[in-house]
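Visitor: Residue-level listing of the chains:
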Amino acid sequence: DAKTTQPNSMESNEEEPVHLPCNHSTISGTDYIHWYRQLPSQGPEYVIHGLTSNVNNRMASLAIAEDRKSSTLILHRATLRDAAVYYCILRDVGRDDKIIFGKGTRLHILP
Amino acid sequence: ETGVTQTPRHLVMGMTNKKSLKCEQHLGHNAMYWYKQSAKKPLELMFVYNFKEQTENNSVPSRFSPECPNSSHLFLHLHTLQPEDSALYLCASSQTYESSYEQYFGPGTRLTVT
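So the protein lines, in turn, are chains A and B.
For what it's worth, the numbering used here labels the leading residue of the first sequence as 9, then goes sequentially.
For what it's worth, the numbering used here labels the leading residue of the second sequence as 317, then goes sequentially.
If we strip away everything but chain A, and leave its shape as in the complex, we get (with noise of 0.2 Å):
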């Protein structure tokens, strides 16, 4: 299973910004949280990750609660290029690393 807990789909208006939030209750201090997406017809795209500090880059911002316990993947300005399945994962530093995805939430981008 999944450990990771996201909603199944969102709606946004474009050039709106877009908060995509992620559930990890479980995670473990040395579990990495990683974003990608995946537009239709195509293969998943790494967006960000991060472990602990908040993260930017050209592409989104990663904003993750103080415990841990939940993540945000804010984009900016939405556009409708952004529309596709975000897809939030754990990656775990330790050899029993299990690269688990779950559902991801389908993001629509609204003209």
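Each hint should be verified, as a subset may be incorrect.
[Stated by the list, open to error] Below are the BS3-like pairs computed for lysine-lysine, each with C-alpha atoms no more than 25 Å apart in a straight line:
#1 B:Lys335 x A:Lys106
#2 A:Lys111 x B:Lys356
#3 A:Lys106 x B:Lys338
#4 A:Lys106 x B:Lys368
#5 A:Lys11 x B:Lys352
#6 A:Lys11 x B:Lys356
#7 B:Lys357 x B:Lys338
#8 B:Lys368 x B:Lys334
#9 B:Lys352 x B:Lys334
#10 A:Lys11 x A:Lys106
#11 B:Lys352 x B:Lys335
#12 A:Lys77 x A:Lys106
#13 B:Lys368 x B:Lys352
#14 A:Lys111 x B:Lys368
#15 A:Lys111 x A:Lys11
#16 B:Lys335 x B:Lys368
#17 B:Lys352 x B:Lys338
#18 A:Lys106 x B:Lys334
#19 B:Lys368 x B:Lys338
#20 A:Lys77 x A:Lys111
#21 A:Lys11 x B:Lys334
#22 B:Lys357 x A:Lys111
#23 A:Lys77 x A:Lys11
#24 B:Lys356 x A:Lys106
[Unchecked claim] Simulated DEER-style distance windows between Cβ atoms:
#25 B:Arg426 x A:Asn62: 35 to 41 Å
#26 B:Glu383 x A:His116: 24 to 30 Å
#27 A:Glu74 x B:His393: 44 to 50 Å
#28 A:His116 x B:Gln398: 32 to 38 Å
#29 B:Met331 x A:Ser61: 50 to 56 Å
#30 A:Asn31 x B:Glu414: 38 to 44 Å
#31 B:Thr332 x A:Arg66: 46 to 52 Å
#32 A:Arg114 x B:Glu414: 26 to 32 Å
I should point out that these hints are in silico values taken from the structure, not numbers from a laboratory.
Heads up, the beta-carbon is just placed ideally off N, CA and C, and yes, glycines get one too.
Assemble chain B onto chain A, guided by the hints.
Guide: Just chain B, lined up with the frame of chain A:
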């Protein structure tokens, strides 16, 4: 363009055929992965190679046989498949298998077993 290419992009094969999927990465990475994505199911990790050594085999049937001749190439050999094996097969690579590194995915091979 992610730097990970897969061929063929589409494949139709009968249950008695033998075929191979190919993946190549041009990123200088040392870990490569095979995933299966069936309709309406989450992405499933099948195999992992780290520095050409197989480190993960997630209970995949023996009709799927991976091969990693070098760090840049990964194959998935298929034989006597079943219709339920029809899916999108995705290849990915990362710097190493360490969890702090992100994965880069190829576009996938859409496999149909008839």
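Visitor: If a hint holds in the structure, say so; if it doesn't, say that too.
Guide: Comparing the hints with the structure gives:
no. : hint                            : in the structure
1   : B:Lys335 x A:Lys106             : 28 Å, violated
2   : A:Lys111 x B:Lys356             : 8 Å, holds
3   : A:Lys106 x B:Lys338             : 24 Å, holds
4   : A:Lys106 x B:Lys368             : 19 Å, holds
5   : A:Lys11 x B:Lys352              : 19 Å, holds
6   : A:Lys11 x B:Lys356              : 19 Å, holds
7   : B:Lys357 x B:Lys338             : 23 Å, holds
8   : B:Lys368 x B:Lys334             : 24 Å, holds
9   : B:Lys352 x B:Lys334             : 18 Å, holds
10  : A:Lys11 x A:Lys106              : 10 Å, holds
11  : B:Lys352 x B:Lys335             : 16 Å, holds
12  : A:Lys77 x A:Lys106              : 18 Å, holds
13  : B:Lys368 x B:Lys352             : 20 Å, holds
14  : A:Lys111 x B:Lys368             : 30 Å, violated
15  : A:Lys111 x A:Lys11              : 11 Å, holds
16  : B:Lys335 x B:Lys368             : 22 Å, holds
17  : B:Lys352 x B:Lys338             : 14 Å, holds
18  : A:Lys106 x B:Lys334             : 30 Å, violated
19  : B:Lys368 x B:Lys338             : 15 Å, holds
20  : A:Lys77 x A:Lys111              : 19 Å, holds
21  : A:Lys11 x B:Lys334              : 36 Å, violated
22  : B:Lys357 x A:Lys111             : 7 Å, holds
23  : A:Lys77 x A:Lys11               : 11 Å, holds
24  : B:Lys356 x A:Lys106             : 21 Å, holds
25  : B:Arg426 x A:Asn62: 35 to 41 Å  : 38 Å, holds
26  : B:Glu383 x A:His116: 24 to 30 Å : 40 Å, violated
27  : A:Glu74 x B:His393: 44 to 50 Å  : 48 Å, holds
28  : A:His116 x B:Gln398: 32 to 38 Å : 35 Å, holds
29  : B:Met331 x A:Ser61: 50 to 56 Å  : 51 Å, holds
30  : A:Asn31 x B:Glu414: 38 to 44 Å  : 25 Å, violated
31  : B:Thr332 x A:Arg66: 46 to 52 Å  : 49 Å, holds
32  : A:Arg114 x B:Glu414: 26 to 32 Å : 30 Å, holds
The earlier numbered hints that this structure contradicts are 1, 14, 18, 21, 26 and 30.
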